[in-house]
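**Student:** Chain order of the listed sequences is A and B.
Going by numbering that gives the first Met the number 0, the first sequence opens with residue 0, and the numbers climb by one from there.
Going by numbering that gives the first Met the number 0, the second sequence opens with residue 0, and the numbers climb by one from there.
Calculated from the structure, these hints are not laboratory results.
One thing to keep in mind: the hints can contain errors.
In this list, chains with the same sequence are indistinguishable; a pair is considered to hold if it fits within one copy or across any two.
[To be verified] Taking lysine-lysine and the DSS-like style, the derived pairs with C-alpha atoms no more than 30 angstroms apart in a straight line are: (1) K303 x K39; (2) K184 x K369; (3) K12 x K244; (4) K335 x K351; (5) K245 x K184; (6) K244 x K335; (7) K335 x K184; (8) K119 x K245; (9) K39 x K152.
All of these numbers come straight from a predicted model, not from anything done at the bench.
There are 2 protein chains.
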Amino acid sequence: MRFDLPSVLVSIKDGVIDLGWGHPSSRLHPIEAIRMASEKLLASDDSTPLQYGATQGFGPFLESLSGFLSRQPAYGIPVDPRHLFLTAGASQGLDLACTLYAPAGSTVVVEEPTYFVIEKIFRDRGLNVVGVPTDSQGMLVSELENLLLDGLKPSILYIIPAFQNPTGLCLSNDRRGQLLSLANKFDFRILADEVYQLIHFDELPPRPFLAFDEGNRVISFGSFSKILAPGLRTGWIHAAPEIIKKFSDAALTFSGGGFNHYSSALIREVIDLGLLDTHVSVLREEYSVRSDAMHQALQLYFGKEIEYTRPSGGYYFWLTFPEGFDSDRLLTSAEKAGVSYRPGNAFSESGKFSRQIRLAYTLFEVEELKEGISRLHEAYSEYSIE
Amino acid sequence: MRFDLPSVLVSIKDGVIDLGWGHPSSRLHPIEAIRMASEKLLASDDSTPLQYGATQGFGPFLESLSGFLSRQPAYGIPVDPRHLFLTAGASQGLDLACTLYAPAGSTVVVEEPTYFVIEKIFRDRGLNVVGVPTDSQGMLVSELENLLLDGLKPSILYIIPAFQNPTGLCLSNDRRGQLLSLANKFDFRILADEVYQLIHFDELPPRPFLAFDEGNRVISFGSFSKILAPGLRTGWIHAAPEIIKKFSDAALTFSGGGFNHYSSALIREVIDLGLLDTHVSVLREEYSVRSDAMHQALQLYFGKEIEYTRPSGGYYFWLTFPEGFDSDRLLTSAEKAGVSYRPGNAFSESGKFSRQIRLAYTLFEVEELKEGISRLHEAYSEYSIE
């Protein structure tokens, strides 16, 4: 190799425990499951996985996925494969949803704070982004209603209903119903980014947003990035048949055939071998342990200096520091101390989250998490003294 | 399977030789190459292919691809891996190019006729589509210049410079230079869809459009769909570093990491095993034989009743029938006779191509191609009598 171009997305400085990345750890990647699935997929001379795939997605994959989702306690509703659509990951699905449902110049409503890349994706698509504040139950629906009554006309609303990024919180059942009422009354679609739905610990999250929808308002985005392997670039949409048809009939879909056809055929084998069910259980267990470890380290080092709601699933802690704290300012000294994180204002264009930081507990091992929190407190102590 | 959802994109009626699909034949899918590459990729416990990939693309893949392209006589220029970007196929790359270079409401120039799905993709993105006529040398640059002088301000120009879809013709060297001059003068980008560049027969096509570009006007789109396997949903962009950076830095790219990371790691093994070079040679040979067979059958059955330029590469024959012919009208009786094709007007919103039909010779075997042309002539004879 002459140029030594990077292989993976994350580049972490040597010696830094970077708690800023919401990525699975390399140790947990199911390489053996992928090996077994590949062998099974390629054992015959059937070349179907190499041809242009069906626009809705590879049929046998959709069937296996529907079975997998129906079996998951956190899904809690039976899934008809005719209501699923294959994507090349949640981001690709969301981007295509913009093409189909949010013409440039229209408005998208997001949570404040929200997934830090999504606002840029929407801006790149020429959309106006309007943030609505959240509390411990999720988006403040009453605030949204006021905006709508004042004349706001969004084409879509983007929301992360379960184990939200960055707050780790779930949108309550009541709020789900209220949001749907508003979507019906003011005629917009709800893009529900539910990629963390299956990563729960002891208690189950609310059922998927779609379970509350009696019409065709909710488009649910799922992904294998958080439950199998992000490199496979494969996900799905779950929605009413009319919506599935719109995605399937899109010119972009037809042009290349079903998105990530080969990967979906590989994942179908993973599912049929029972390895996805197993892997998701392993991830729930591992992340639960890591989340506990981070909680204990936070209690040990920070105690009452910070506030947070302990996550019951997902990838993140969302910490609130005392009045006057500036999470952007702490970052430099934290990195000097050998730890990193995402400052709160990365998650909102509002600039309201200087007191917050997001920590992910998925990429590092327990001992590293403890060490990371220790270093963070060290940096914070110096920051407080300054 | 309860619902029997389709597996692949193409659905061909039983008994019909459908010459309308520009797809590779199942018999030619390199299943053994994919098997060998998978074994090599998964032999170690390195889980890099399962993690989020580098935004520009998996580094080792870009290195191997640059070597492969540099070795191809039809490429004819050395390729720096830093000038390559991994896509999930040419269509995905083109869609992202719209986000980055063609804001909704702006204008895209296309050839008349052009790839029949691309106009719909552009329309779905809120773009105005303006067609420019072509002759045997490709787009009539003088006609485009007149439009530009009259005030047309395109953001992008989409063109298929080699073995064009549907005409099978190549844009001449002179026209390439002239188009670049116009792009510089009137400030637009050229999206060069060069997915057929490597599928040449005895003589080489002009060098890739980028070879003529001294600035940063041309974005070349390549794809493994036409040279390896469409189901892998993987392609690349070749362009100046400034353009590669723009694609790599796009929010959508960052959100999921490099497009189709795992597939690209698999294809890297195919390339490093020497199997892509071999496969492309096989395809050139096979398609050359099929193209000859179709030419001979056309001469045998139609003779001077139709006109066409014999293709020197690519996938297609573009036939012109006598004055007054209506290719849409023939379709029904052709399908009754057990053959199908794409009518000329599928390739342009202008409605100017009633006398044309496009035939692909890649999906069927030689004997089927002969039988298909025989049936087409049978249907045409009845049509002429009516």
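**Student:** All hints, please: hold or fail.
**Tutor:** Hints versus structure:
no., hint, result
1, K303 x K39, "neither (53 angstroms within a copy, 52 angstroms between copies)"
2, K184 x K369, "neither (48 angstroms within a copy, 60 angstroms between copies)"
3, K12 x K244, "between (45 angstroms within a copy, 22 angstroms between copies)"
4, K335 x K351, "within (26 angstroms within a copy, 67 angstroms between copies)"
5, K245 x K184, "within (22 angstroms within a copy, 40 angstroms between copies)"
6, K244 x K335, "between (52 angstroms within a copy, 29 angstroms between copies)"
7, K335 x K184, "neither (52 angstroms within a copy, 50 angstroms between copies)"
8, K119 x K245, "both (25 angstroms within a copy, 14 angstroms between copies)"
9, K39 x K152, "neither (50 angstroms within a copy, 53 angstroms between copies)"
In summary, the numbered hints that this structure violates are 1, 2, 7 and 9.
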